[in-house]
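Participant: Fit chain Y to the given chain R structure using the hints.
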Amino acid sequence: AQTVTQSQPEMSVQEAETVTLSCTYDTSESDYYLFWYKQPPSRQMILVIRQEAYKQQNATENRFSVNFQKAAKSFSLKISDSQLGDAAMYFCAYRRGEDTNAGKSTFGDGTTLTVKP
Amino acid sequence: DVKVTQSSRYLVKRTGEKVFLECVQDMDHENMFWYRQDPGLGLRLIYFSYDVKMKEKGDIPEGYSVSREKKERFSLILESASTNQTSMYLCASSQAAVYEQYFGPGTRLTVT
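If you read the sequences in order, they're chains R and Y.
Residue 697 is where the first sequence starts when you use this note's numbering, and the numbers rise one by one after that.
Residue 1109 is where the second sequence starts when you use this note's numbering, and the numbers rise one by one after that.
Honestly, the hints are just simulated from the structure, not real lab data.
Treat the hints with care, as some may be off.
Claimed, not checked - Listed below are several chain Y residues computed to face chain R (Cβ distance under 10 Å; list not exhaustive):
#1 G1166
#2 S1190
#3 F1211
#4 G1212
Claimed, not checked - Here are a few chain Y residues that face chain R, going by a calculated C-beta distance under 8 Å:
#5 G1150
#6 E1208
#7 Q1209
Note that CB positions come from ideal geometry on N, CA and C, so glycine has one too.
This is chain R alone, in the form it adopts within the complex (with noise of 0.2 Å):
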């Protein structure tokens, strides 16, 4: 079974800096995507970022990006040029690449972000 690991439960960081969450995850599979959401205070959850397994680059999506490494199974998410906005609960999850079980996904059980103003 897939496992995602997030190793900090609680983060924080300064306006205007960069911060890193840490993601790690376990799998015998070769295809297969990550993603990273939010979850502001009292607010919907919403999609970050995504990565495709089979693409080496790394995404990018304005002022977030992630270090994907897959041999180490590593998936941390930068946020650059911090905003008070970007306070929220962040997890990274899991998706096998096959269509089979309607694409379900592992999550972590999350970071929470502060951001200093």
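Facilitator: Chain Y only, in chain R's frame:
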């Protein structure tokens, strides 16, 4: 934009009651999911469905059942609510296996 709605944001029920949580998505997604979210435990999958009338157990199905009579609607049923089912319940949908999930706002259920 994809919209996933849940019938209630907050719900208080008594032990032993039958509880229905409803989820509706408006983007014709094949897949729908029910999770519960508890502090320190992340999201745990209760049930999911990949087509109308099709359902599969997730990681923690005990004490729950689901119904999907129409493609856009996925209901979670607590046959006899217990205090250990007090939690935040999140519904999600996705277009296909390779795409991300879209989440509803959640229902915070308290069973007293």
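Participant: Take the hints in turn and mark each one as holding or not.
Facilitator: Now for the hints, and whether the structure bears them out:
1. G1166: Nearest chain R Cβ about 7 Å off; hint holds.
2. S1190: This hint is violated: S1190 (chain Y) lies away from chain R, its Cβ roughly 23 Å from the closest one there, beyond 10 Å.
3. F1211: Since chain R brings a Cβ to about 4 Å from F1211 (chain Y), closer than 10 Å, the hint holds.
4. G1212: The hint holds - G1212 (chain Y) has a Cβ within 10 Å of chain R, the shortest such distance being about 7 Å.
5. G1150: OK, holds: G1150 (chain Y) within 8 Å of chain R, min 4 Å.
6. E1208: Status holds, d = 4 Å.
7. Q1209: Q1209 (chain Y) check passes; min Cβ-Cβ to chain R is 6 Å, inside 8 Å.
In the structure shown, a violation is registered for the earlier hint numbered 2 alone.
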